[in-house]
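**Q** Place chain Y on chain G using the hints.
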Amino acid sequence: MRNVIIIGSGPAGWTAAIYAARADLNPLLFEGAEPGGQLMTTTEVENFPGFEHGVQGPDLMAVMRKQAQRFETEIISSMVDSLKQIEGGFEVTAAGKAYQAKTVILSTGATARRLGLENEKRLYGQGVSACATCDGFFFKNKNVIVVGGGDSAMEESSFLTRFASKVYLVHRRDEFRASKIMQERVKNNPKIEIIFNTEVVDILGKDKVEGVVLKDVQSGETREMQIDGVFAAIGHEPNVSLVKGLLDLDEKNYVKTVPGSSKTNIPGLFACGDVQDARYRQAVTAAGSGCMAALDAEKFLSDNE
Amino acid sequence: MAHVFSESNFQAEVLSSSTPVAVDFWAVWCPPCRITGPIIDELASEIDESKLKIGKVNVDDNQHLSTEYRVLSIPTVIVFKDGKEVDRFVGAMPKEAFLEKFKPYIA
Numbered sequence: 000m001r002n003v004i005i006i007g008s009g010p011a012g013w014t015a016a017i018y019a020a021r022a023d024l025n026p027l028l029f030e031g032a033e034p035g036g037q038l039m040t041t042t043e044v045e046n047f048p049g050f051e052h053g054v055q056g057p058d059l060m061a062v063m064r065k066q067a068q069r070f071e072t073e074i075i076s077s078m079v080d081s082l083k084q085i086e087g088g089f090e091v092t093a094a095g096k097a098y099q100a101k102t103v104i105l106s107t108g109a110t111a112r113r114l115g116l117e118n119e120k121r122l123y124g125q126g127v128s129a130c131a132t133c134d135g136f137f138f139k140n141k142n143v144i145v146v147g148g149g150d151s152a153m154e155e156s157s158f159l160t161r162f163a164s165k166v167y168l169v170h171r172r173d174e175f176r177a178s179k180i181m182q183e184r185v186k187n188n189p190k191i192e193i194i195f196n197t198e199v200v201d202i203l204g205k206d207k208v209e210g211v212v213l214k215d216v217q218s219g220e221t222r223e224m225q226i227d228g229v230f231a232a233i234g235h236e237p238n239v240s241l242v243k244g245l246l247d248l249d250e251k252n253y254v255k256t257v258p259g260s261s262k263t264n265i266p267g268l269f270a271c272g273d274v275q276d277a278r279y280r281q282a283v284t285a286a287g288s289g290c291m292a293a294l295d296a297e298k299f300l301s302d303n304e
Numbered sequence: 000m001a002h003v004f005s006e007s008n009f010q011a012e013v014l015s016s017s018t019p020v021a022v023d024f025w026a027v028w029c030p031p032c033r034i035t036g037p038i039i040d041e042l043a044s045e046i047d048e049s050k051l052k053i054g055k056v057n058v059d060d061n062q063h064l065s066t067e068y069r070v071l072s073i074p075t076v077i078v079f080k081d082g083k084e085v086d087r088f089v090g091a092m093p094k095e096a097f098l099e100k101f102k103p104y105i106a
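As given, the protein sequences belong to chains G and Y, one line each in that order. Per numbering that gives the first Met the number 0, the first sequence starts with residue 0, numbered consecutively. Per numbering that gives the first Met the number 0, the second sequence starts with residue 0, numbered consecutively.
For reference, chain G alone in the conformation it holds in the complex (with noise of 0.2 Å):
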């Protein structure tokens, strides 16, 4: 049986490899559906320490990958299909196959929220995107909207400035709760323009989208607006479903974790990450949870010895 395997592949999973690695117990990580997690969806990364003059996101996710492997931790690229105890650990089958250890770090983070709507399913990529960084490309001198009024819409609205002739950002409230210096850079880039008070609450078109339905939220009136493109960046979900039933959720579906620890309440089962944690949501803090994660399942493995 292994010492631990880990799950999921951001800042806290390669975190947490490094960690087990450099304390000899030989970790085994699964990469999962989305390797390098949320940061392989952004562009550039200002706020994570070491980097004077930022890091583009996918690039700081390949370099933690090297960091994990230089200390041979294993990796394997498949998606986790399953997590249960068994006697003296867990048991994980991915591709068929089952792997046994005796901890278990779980970092499967977050995935962006939807709108929740069914015509944006329908039209997810025809003009429904997830990743601007991926799709801005096909909105040359188009006009898109963004929604959402944190950080993430912010970067969004700004890096889409770059090919479509209009961003147009709408956010449910009356102010933004990403950080200033993202918030001037919208309030001063002439390519945007900023709709409060408003939600999108239908997405329009037969085979690509060609309009939304804007709704004020103080008078409840609604509008159609032409639009070629829907980016949505309104908040994560927990990526949970492997442990439903198994771990304590908190009301928003996150791990409940005991404060000041990586600890859940299965021993030797430990999260850290995105997915236990609803409230600062960085690379740096994800990262310094996937270390304290595999530092409590190293004290778990000496003190069960």
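To be clear, the hints were calculated from the coordinates, so they are not data collected in a lab. There could be a bad hint or two in this list.
With a straight-line cut-off of 25 Å between C-alpha atoms, the simulated SDA-like cross-links for lysine to any residue are [what the hints assert, rightly or not]:
1) G/Lys96 / Y/Lys83
2) Y/Lys94 / G/Met224
3) G/Lys96 / Y/Ala96
4) G/Lys96 / Y/Glu41
5) Y/Lys94 / G/Glu73
6) G/Lys205 / Y/Val78
7) G/Lys205 / Y/Phe88
8) Y/Lys83 / Y/Gly36
9) G/Lys186 / G/Gln55
10) G/Lys205 / G/Met224
11) Y/Lys100 / G/Asp206
12) Y/Lys100 / G/Ala129
13) Y/Lys80 / Y/Ala96
14) G/Lys205 / Y/Leu42
15) G/Lys96 / Y/Ser65
Okay, the calculated bits of chain Y under chain G, using three or more residues with CB under 8 Å as the criterion [what the hints assert, rightly or not]:
16) 16-30
17) 45-57
18) 62-73
Just so you know, these numbers come straight off a predicted model, no measurement behind them. C-beta: ideal position from N, C-alpha, C; glycine also.
**A** Then chain Y, alone, in the frame of chain G:
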């Protein structure tokens, strides 16, 4: 390795092909494409070409193709049969998932 399709050979290699063809629309600046690229290459070497031909279109160099086939998100994989689109998958997926999607055309 996967075939490289472009505006100049698309008619001959894809639309006039006697076997079905899976085309991966991609670009260097698209992070999920960096994940699917090697998977598509592997599948191209593993799958018998007389059943399913597999290749890539770089959207940067072939904007007419991405416009014509309404590719608005990458990676997008389109399966062509007898010159017509018969299937389309958007987004990165693990290798097994692609294999599952290609199954009906390999049988």
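**Q** Tell me, in ascending order, the numbers of any earlier hints that this structure violates.
**A** The structure conflicts with hints 1, 2, 14, 15 and 17, although it agrees with all the remaining ones.
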